[in-house]
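Undergrad: What follows is each chain in one-letter form.
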Amino acid sequence: MTNTTKKLLQVTDLQIGIPHPRRETLVIVNKASFDVGYGEMVGIVGESGSGKTMVCRSMIGTLERRGAKVLAGQVLFEDQDLAHASETTWKKLRGKAIGYVPQSALAGPNPVLTIGAQLSEALKKSDTKGTIAEQSKALLELVKIRRIDTVMKQYPNQLSGGMRQRVMIACALASNPKLLIADEPTTGLDVTVQAQIMVLLKEIRNEFGTAIILISHDLALIDDVCDRVVVMHAGATVEVGSVSEMTTPRHPYTVALNQSRIDIAVPGSELVTILGNAPSVGQWPTGCRFAGRCTIVQSDCTSGDHPPLFGDRGAHQSACLHADLLKGR
Amino acid sequence: MSNAKTKKKRQVREGSFGLYTGFGMMGLLILAGLIFPLISKYDPNQPGLVPMSPPDGKTFFGTDLLGRDVFTRVFDAVFIDLGTALVGVAIPLTVGTIIGTLLGISKNKRVNSLVGSIIDGINAFPFLIFVIALIAFIGPGLKSIILALSLVNWARYARIARTRAVVVNQQGYVEAARILGFSKVRILFKHIIPNVSSETRAYALSDFIIVIIAVAALSFLGMGSPPPQAEWGAMIRDGAQILTLAWWPTIFPGLALCWAGVSVAFIAEGLQRRLREVNTK
Amino acid sequence: MTQLPTDIKEAETKDRNKLALRRMFLGRIVRSLSVSFWVMVIAFLMIRLSPGDPVRIALGAEATEAAVTEMRHKLGLDTSIFSQFYHYFTGIFSGDLGMSFFSGLSVTNVVGTHLPVTLMIIGMSILLGIILAIPIALFVALSKNQIATYLFRAFTSVSLALPGFFLALVGLLFFGTTLNWAPAAGYTGAFPGNLHFLWLPAVVNCGSLVPVLSRVLHSSLMDTLDEEFVETGVIRGVRKIRFYWSYMLRPSLAPTVVLLSYMVGVMIGGTVIMETIFSLPGIGRELITAVDSRDYPVVQGIVMIFGLIVVFFSFIGDLLGYLLDRRVTLS
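Protein chains in written order, with numbering that gives the first Met the number 0: chain A, 0 to 328; chain B, 0 to 280; chain C, 0 to 330.
All clues given are correct.
Below, a list of computed lysine to any residue pairs in the SDA-like style, where the Cα atoms sit at most 20 Å apart:
1. B:LYS106 x B:VAL173
2. A:LYS90 x C:VAL229
3. A:LYS91 x C:ARG238
4. A:LYS6 x A:ARG204
5. C:LYS73 x C:ILE56
6. C:LYS239 x A:LEU92
7. C:LYS143 x A:ARG64
8. B:LYS57 x B:TYR41
9. B:LYS142 x C:ASP52
10. C:LYS239 x A:ARG64
11. C:LYS17 x A:TYR154
12. C:LYS239 x A:ALA116
13. C:LYS239 x A:GLU86
14. A:LYS201 x A:ASP217
15. C:LYS17 x A:SER159
16. A:LYS152 x C:LYS17
17. A:LYS136 x A:LEU112
18. B:LYS189 x B:GLY171
19. A:LYS90 x A:ARG64
20. A:LYS152 x C:TYR321
21. A:LYS123 x C:GLY236
22. B:LYS189 x B:VAL94
23. B:LYS108 x C:VAL29
24. A:LYS68 x C:ASN144
25. A:LYS68 x C:VAL233
Over 10 Å on every C-beta distance to chain C, these chain B residues come out as not near it, computed from the model:
26. TYR19
27. ILE34
28. TYR41
29. VAL49
30. PHE78
31. VAL94
32. ILE98
33. LEU101
34. SER105
35. LYS106
36. ASN107
37. ARG109
38. TYR172
Bear in mind the hints are in silico, worked out from the structure with no lab data behind them.
A virtual CB, placed ideally from N, CA and C, is assigned to each residue, including glycine.
Extracted from the complex, chain A is given alone in its bound form:
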């Protein structure tokens, strides 16, 4: 290990696939590596199908429900390897050290349970003090919900999307987790509500020192709130670095992502879109998986294995063989 400070989470060369009884295993994530430090807010960005959700499922133990499993690599959470944890281990882990905020605010909460019931469910596994009712109220207060007594008795469909997501965050915080995973937590919410949720997440991090992994396809969103950024493309991490380092990207995919950002586009100019589509799972080319869409592709890019992340862990890393070609841009 090159970095001496201990990390909360270390993902190393993670490989995830969907086994099939008769055919070859379908590999959906290969060569994913990144770290999350204590109290750090890390954003994972990538197009849909880039494997970011699968990576995060490997940290909460729900890969098998979707028929997928970890094929190789490590997911070290403190000193425990989550990648190969058994169901019994997961039973002990769940609802404790790692909190999870689901993708869709509308479908996240259980529709047939009241908010109070869901909170008390989440609190049952925690070992914090006070009655469940008191704690539930404290949690709802924490996520800035008003009229708490009413909300406790309400069903999710009686709440707006933003409120539901606040409740989900409250549930995830119930066990006082060290790591909070938020998988595109603002999908389908109004822009104003999106911003509020993001601010809330950041406040939680600042107040409790909870490390947060924020998954999004929106680089602008991540830039606003995160400390570090992990860029994923076609099942691999292609660039890892701090937000400030990312202003000078070292991977052509990140460059393209930056160029296609609406928020910093020059008014009147044409929006740049990324060339082509990401290669489908199971149809990855040899060599760099981005080569087919790359503007600086070289002859050696299309042979061999997908390049690993170059550079020291914790520093600005890129998986581009010719990152130096980007300097002039």
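Please arrange chains B and C on chain A, whose structure you already have, making use of the hints.
TA: For chains B and C alone, kept in the frame of chain A given last:
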């Protein structure tokens, strides 16, 4: 996505399996209904054999209480049963689709709510009970069964058609045809009814199973064809009286009825899966 | 704490929801009442609008003119249709459904004596249907086994196409004659001794219920399993039984409950046949007897009662469905 592709392929095969099995079974039954009564040396309705003799090499399904060949009677009944059910589905399908479509596109609120209430009222009655009650008033017989089925079932088709017609009526192609100045009748028959009836026809197929069984059940209750006409339900009714003495006059027409029902069920299932597959493409 | 824009929106949403709930409840009641009214009207009109002349059909071709006139008078068919309807309608509310032609008993009396047996068969069928359908659907949905799903689909579509009255006879032949477990006649009313007579009819009758229920439940379970909140439950570490109930079954149950209430009509139809085959003194067998003897007031009364029962159960089913799952009507 190679995974999704193979999944779709398998679904096509599954749907086809149902369709082929269903059509095969139905084809065999129809063929048997055509051929066996013709080549059989016994008259379906003429008594004369030893009564209640068990199945053997001469009378494959045995004979009934009156000494008639059950085998000949079972296959003689194929067209009576299937035909009655077919007409009993076709009439309400047509009437219901037209009434429902007209309701769906009409702007007359009063007519709409009145006919709508009647439709809801008719649909509230248990299907079989209502048919039985109507037969009480119009008298027994296969024609009465068809009439009663039509009087009851049009409302179910009308409800489906009305809901669908409201949607279809707002579709772009109908709007476009209207702007192009096509006549109302042309729009109705060329654009609206075909799209509405795709839904009612789909329902008719599953309804066909219910109606096949209902026709036989009504005959079983003594409301169908008068004797000596061979009809599965009536045969089962006659057989049930001597069930403990001879099982064959009851079981064989019953199996024929099951065969017919299951073959339509397979066709319906296969078609449904195929439609779903087409829709998800 | 500052008033967040979401909270203002929230307050509005809450009021809207309460209103929507009240509106849906009142709407259902109004609808049920209106359908009930039309059920009465249709039962009333049946005899009056029937093609042919029911009176002549009842009396036969050789009936004298005087006999026809007398029967018309007995049925009250010789007054104006509006005064007939007035008498009929006010009669219903004072519990007067007319008199049987032949037994001389009031129709209310006939219904009152025979309804319990019918309701018992229906109740047993439904109970049995639920007990069988839920585990079957759960097992198939959870196994995620291709072959199990395929067999399940084949089994349900085939069993839906089997005629109940034939199965009842086969059952009677097997359990009645061969095993002597189920009697074909001789019903005695006292509970629990009557279960001996009712179990086979109930089993056969639920044969049309189990495939429908298990199929709908299976497909809602499959939908639920794909839902994100299930994942949330897993991650939260919810315990087994609670998980099965709160995260799988309950969110999937509403469509099944609503469907079950609609299936009451089908169950009634099946019960009529079962009562005939097993000689059970239910209201269904009374109906068949009345149809055979053309006892019009009894037919009309029974049909109307069955119609009202169905309306009542649909109302209950809709309500229960909503209470089980708040998404049902508000989303």
